[in-house]
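Taken in order, these protein sequences are the chains called A and B. Take 19 as the starting number for the first sequence in the numbering used here and just add one per residue. Take 19 as the starting number for the second sequence in the numbering used here and just add one per residue.
All the given hints hold, so there is nothing to weed out.
No distinction is drawn between identical chains; accordingly, a pair holds when it is met within one copy or between any pair of copies.
In silico lysine-lysine, DSS-like type, Cα no more than 25 Å apart, as pairs: (1) Lys-40 to Lys-117; (2) Lys-40 to Lys-116; (3) Lys-116 to Lys-206; (4) Lys-151 to Lys-132; (5) Lys-22 to Lys-206; (6) Lys-206 to Lys-40; (7) Lys-169 to Lys-156; (8) Lys-169 to Lys-75; (9) Lys-206 to Lys-151; (10) Lys-40 to Lys-212; (11) Lys-132 to Lys-173; (12) Lys-22 to Lys-212; (13) Lys-22 to Lys-116.
If you're looking for bench data, these hints aren't it; they were derived computationally from the structure. Since this is a predicted model, take the numbers as computed values, not measurements.
Protein chains: 2
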Amino acid sequence: MSNKIITIGREFGSGGREIGLKLALALGIECYDSRLIEMASEDGKVDIERLREVEEKKANSLLYSVYSDYTTIPNGYGLPMNDVLFNLQSKVIMELAKKESCIIIGRCADYVLKDMNDVLNVFIYADNSFKNKRIMDKYDVSEREAASMMKKQDKQRSYYYNFYTDNRWGRKESYDLTLNSSRLGIDKCVSILKDYYER
Amino acid sequence: MSNKIITIGREFGSGGREIGLKLALALGIECYDSRLIEMASEDGKVDIERLREVEEKKANSLLYSVYSDYTTIPNGYGLPMNDVLFNLQSKVIMELAKKESCIIIGRCADYVLKDMNDVLNVFIYADNSFKNKRIMDKYDVSEREAASMMKKQDKQRSYYYNFYTDNRWGRKESYDLTLNSSRLGIDKCVSILKDYYER
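This is chain A alone, in the form it adopts within the complex (with noise of 0.2 Å):
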């Protein structure tokens, strides 16, 4: 039997990966979301901090070709930093994929993985007010910071998106479900995608 993959794109704040989370603890499966630069890190032999300082960022063209921040490893020699992570993490995505049953949050994993079979791809969004309690209970910070918060990672979860994919970040068209995690709760979410999983 071929693996099960869940997919999980997600707004700032919805509780996306609060989702996969419980999800994976509730179906005995791995859920893999910031884990996945350590492991692009390893396999790709690049310093982690490096990646880390353009993840889920998309390439900005210009400043790249004026400054030098180009990677130097042999298989990435002349791509901006953030195709290289780009990259790696595609790549351990779809080892990840065919070796286990798994969720994977954010990093482009529909698209990454859209040749394979039974690949469920979930976006999780949320009313405005929802998103912007959870950011301030989350980071402990002011309605108007969590406000600005949300508004930038949303643009760079979108620019990226739409960088690296044919698709466009957040339309329901880019996936196979979208869930509403401020109307149904997150725990119905959750019971939605395992029922769903475990048929």
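Using the hints provided, position chain B relative to the given structure of chain A.
Coordinates of chain B only, in the frame set by chain A:
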């Protein structure tokens, strides 16, 4: 225990109605779609043919102010027929939701029932090629005719929904969850909703 309602918005050709009917069968509850117009006709004592002409179409205020297709029923005097239908249908939908658990297709039911608990608002969408093929098969029309029907129907549904509600038709933010029927398949959509309902 309160009734559980599922409302289904859908793109033309996406199979939203089929999903509603199959789900109703699986759950042993009723699915209301074009039947609502008959119920509205009986309830409001308005000729059903006059209602059918304006089904899921928004009022054209210019036409209705120039021409005389106003209803003359006591409680709808001076209203365009579209508004009469919307009001009658909304009343029927609210009565149904109070009376029984059920599925309601289209007719802004999500908005009509926005103040009720236990209402799941779903939107079904699909890739164009999938919708096109379904329309060609169902209505025995050419690919071109199918594409034109799809465009026209979705435009009408969208105008109708955007006119009578505060939300935007087809935008994921207007719904609790959205399902891509071409990627998931009709039966998978049914099972996701069935599992959700039965929890």
